[in-house]
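J.: Spelled out from the first residue to the last, the chains are:
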Amino acid sequence: MKFVIQAPIAFIRLTYQSVYLALSQIWANKTRSILTTIGIVIGVASVTAVIAALTGLKAKVLTQVETLGTNSIFIQPRTPKTGPLQHASWWTIRFKPEHFDNLLEHCPSVSQFGRMTWVGNYTVSHREKSVENVTVRGTEPAVHKIDSRPVTIGRPLSVIDEMQVRQVCLIDPKLRNDLRLDRDCIGQSILISHNTFYIIGVLEPRPENAFGGGNQEQSEIFIPYKTSLKMQRYPFIMAIAESESAEVSDDALAEISFFLRKTRNIKPGEPDTFEVMSLQNALETFNKIALMVTMVAGGIVGISLLVGGVGIMNIMLVSVSERTREIGLRKAVGAKKTAILTQFLIEAIVLCFFGGLVGVGFGHLLTKALSSIPKIQLDMAYIPLWAIGLSFAFAGTVGIFFGMFPAIKAAKLDPIEALRHE
Amino acid sequence: MQTVSNKNRKLIIRLQDVERIYKVGVESIHALGGINLELYENEYVAVMGPSGSGKSTLMNVLGCLDRATSGSYELDGENTTKMTDASLARVRNERIGFVFQSFELLGQVSALKNVEMPLIYSKNGWWTRRKRALSVLERVGLGDRVKHKPNQLSGGEKQRVAIARALVCNPSILLADEPTGNLDSKTSDGILQLFDQLHQEGQTIILVTHEDYVSHHAKRIIHMKDGHICSDLSNNRDPRNNAVTQDRKPEEKV
Chain A
1 MKFVIQAPIA FIRLTYQSVY LALSQIWANK TRSILTTIGI VIGVASVTAV
51 IAALTGLKAK VLTQVETLGT NSIFIQPRTP KTGPLQHASW WTIRFKPEHF
101 DNLLEHCPSV SQFGRMTWVG NYTVSHREKS VENVTVRGTE PAVHKIDSRP
151 VTIGRPLSVI DEMQVRQVCL IDPKLRNDLR LDRDCIGQSI LISHNTFYII
201 GVLEPRPENA FGGGNQEQSE IFIPYKTSLK MQRYPFIMAI AESESAEVSD
251 DALAEISFFL RKTRNIKPGE PDTFEVMSLQ NALETFNKIA LMVTMVAGGI
301 VGISLLVGGV GIMNIMLVSV SERTREIGLR KAVGAKKTAI LTQFLIEAIV
351 LCFFGGLVGV GFGHLLTKAL SSIPKIQLDM AYIPLWAIGL SFAFAGTVGI
401 FFGMFPAIKA AKLDPIEALR HE
Chain B
1 MQTVSNKNRK LIIRLQDVER IYKVGVESIH ALGGINLELY ENEYVAVMGP
51 SGSGKSTLMN VLGCLDRATS GSYELDGENT TKMTDASLAR VRNERIGFVF
101 QSFELLGQVS ALKNVEMPLI YSKNGWWTRR KRALSVLERV GLGDRVKHKP
151 NQLSGGEKQR VAIARALVCN PSILLADEPT GNLDSKTSDG ILQLFDQLHQ
201 EGQTIILVTH EDYVSHHAKR IIHMKDGHIC SDLSNNRDPR NNAVTQDRKP
251 EEKV
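From first to last, the protein sequence lines stand for chains A and B.
If you're matching positions, the first sequence starts at 1 in our numbering and goes up one per residue.
If you're matching positions, the second sequence starts at 1 in our numbering and goes up one per residue.
Derived from the structure by calculation, the hints contain no laboratory data.
You may find that some hints are simply not true.
Unchecked claim - 30 Å max Cα-Cα, derived DSS-like pairs, lysine-lysine:
| no. | chain 1 | residue 1 | chain 2 | residue 2 |
| --- | --- | --- | --- | --- |
| 1 | B | Lys131 | A | Lys337 |
| 2 | A | Lys145 | A | Lys174 |
| 3 | A | Lys409 | B | Lys23 |
| 4 | B | Lys131 | B | Lys10 |
To be verified - Beta-carbon label-pair distances, calculated as ranges:
| no. | chain 1 | residue 1 | chain 2 | residue 2 | range |
| --- | --- | --- | --- | --- | --- |
| 5 | A | Glu417 | B | His228 | 21 to 27 Å |
| 6 | A | Glu322 | B | His228 | 34 to 40 Å |
| 7 | A | Val318 | B | Glu74 | 38 to 44 Å |
| 8 | B | Asn79 | A | Ile300 | 57 to 63 Å |
| 9 | B | Thr128 | A | Ile303 | 47 to 53 Å |
| 10 | B | Gly34 | A | Glu322 | 37 to 43 Å |
| 11 | A | Ala10 | B | Asp226 | 40 to 46 Å |
| 12 | A | Val310 | B | Gly107 | 24 to 30 Å |
| 13 | B | Ile21 | A | Ala393 | 48 to 54 Å |
| 14 | A | Val318 | B | Asp226 | 39 to 45 Å |
Glycine included, every Cβ here is placed at the ideal spot set by N, Cα and C.
All chains should be built: construct the whole structure from the sequences, respecting the hints.
T.: Following this line, the structure appears as structure tokens:
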């Protein structure tokens, strides 16, 4: 019983004294300690920065997905990876409007569906002002319900606009400013390639780098789908759908694929000439890539920690042989093997922890620097707490692993020999 | 040959037929060839002999740094021959104080920390350590130098710190291996007076030397040759009447 109480106390005392000794030793060899720990510093700094960047990227993607809704499904033509259509032009595999007719009836898991066209880039003008290169898209009303981009002024496109093939449009605030339109510009007319359109609403600017393409420099105009077909007989057509719920997202994908293969006359065994992708899928793909990047980065960081660890081992061996007489003395005055072992082991661990601490500091700076670079989507980068824990655990493990050999070497020294050592 | 009688004093060390044999290749070297020795409390012994006579080996065995190949060694009534390494470490910590020729102080820490060092390896709290280290530094006359680091101390002061470190655990024996070997004669006298003082205070002291004037301070002189004790005499001379410092080369090493 006495032993049970005394053993942990003795251990704590030994640890505390060893930490104290280790700190004074490190302080006495400042330059050497700093140089030794650089490997660990770099390893830990890179591990924290990589994790921070990935965490930030993930958070960014998630917020973007949230604005779009995770149940959204994107449908666009795509050349297959195999088969005769491998090198087909977009014209051959393009969607025709009739491919989507009655889609909702054949796909029970799909709740909403809308076609979208890319008419082209046009010069838009209002009185003397004109803006070149404005993307004009035709959208069915359902598209705006799925891609929940709010209309700030006016109203969205309606079924009546669609049915009557009205010459109406939604614009974004950038275009409104560029054309010097009034803030409340509803009812005013603009010219899109010599056709007059009436503005019915102003959209919120598109979130940065959202799915479905979005160029901040370029302005967008949305017109009714049928109106767009009138402007351009064979536009590039894609579609957006929404599944009933996240659970049936995969069903919805399968139903749409099946339906489109039928309407596009793709024979069994032939590959798809289109792509049906849910955000759920995209998210999973992203997560896979993120995991892979994490693992590759982890491997690289592992190597740098290994190199750092070898550095620690090297310097500990130097320290042991430099302090042979000290070890002999300590043994002569009654230090047990375990005490010597603990002292050197803890010195290595303290060195590594010190490296870890500085490394986390550098990692923090690196993260700050990364998040301040514009246009690389890392503004949400931050170091999660578990990454700091992980870094320290890594550093500690490296310390134990690479400190063990020199510590055992020190503990095994014969005191008589050690005291005679020059 | 005159044997020393210590009938009424407590027996501290008893060596019986202690041999220490080193094996070098196929040859065995008898560093100690059957030593019998008894030491009593508060004795002041000088071990003398030419180099290679086995006096260092004897010190190592007495100090529990080395084990006898055969024979038995009892310290304070306990047989150390069969002890584990850990137990021997504890014996060194609690019963033996070492003083070395080259002081062996830790250069980066103060005199006080140096003296406290052995107490780290025994079960003493911070406060006890400090108190005992301070009192023992006072005892060797360094009460005002406790915060100094070894490089701020003279050779004699360094050896005093080392002696304080040896005494801090209240050892049964103080083992000094050429304690004045690195000191000039004047400083040596100071250190030897300190040993005299410690002896008067009741400390058991064994010192190894090859200098006569050092051994004259001891009350018993053991001469060794080829791993054997060749004489064991009591010494009743007063060291102050033996001003034999002149046969020593002045300041060979400082």
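J.: Now tell me if each hint is right for this structure.
T.: Structure-based check of all given hints:
1. Lys131/B to Lys337/A: Judged against 30 Å, a Cα distance of about 27 Å means the pair holds.
2. Lys145/A to Lys174/A: Judged against 30 Å, a Cα distance of about 22 Å means the pair holds.
3. Lys409/A to Lys23/B: Since the Cα atoms of Lys409/A and Lys23/B sit roughly 23 Å apart, the hinted pair holds (cutoff 30 Å).
4. Lys131/B to Lys10/B: 29 Å, holds
5. Glu417/A to His228/B: 21 to 27 Å: At 25 Å between Cβs, range holds.
6. Glu322/A to His228/B: 34 to 40 Å: Roughly 39 Å apart at Cβ, these two residues keep to the hinted range, so it holds.
7. Val318/A to Glu74/B: 38 to 44 Å: 42 Å, holds
8. Asn79/B to Ile300/A: 57 to 63 Å: Cβ of Asn79/B to Cβ of Ile300/A: about 60 Å, so the range 57 to 63 Å holds.
9. Thr128/B to Ile303/A: 47 to 53 Å: At 49 Å between Cβs, range holds.
10. Gly34/B to Glu322/A: 37 to 43 Å: Holds, at about 40 Å.
11. Ala10/A to Asp226/B: 40 to 46 Å: 44 Å, holds
12. Val310/A to Gly107/B: 24 to 30 Å: 29 Å, holds
13. Ile21/B to Ala393/A: 48 to 54 Å: About 51 Å separates the Cβ atoms of Ile21/B and Ala393/A, which means 48 to 54 Å holds.
14. Val318/A to Asp226/B: 39 to 45 Å: 41 Å, holds
Going through the hint list in order, the structure satisfies each hint without exception.
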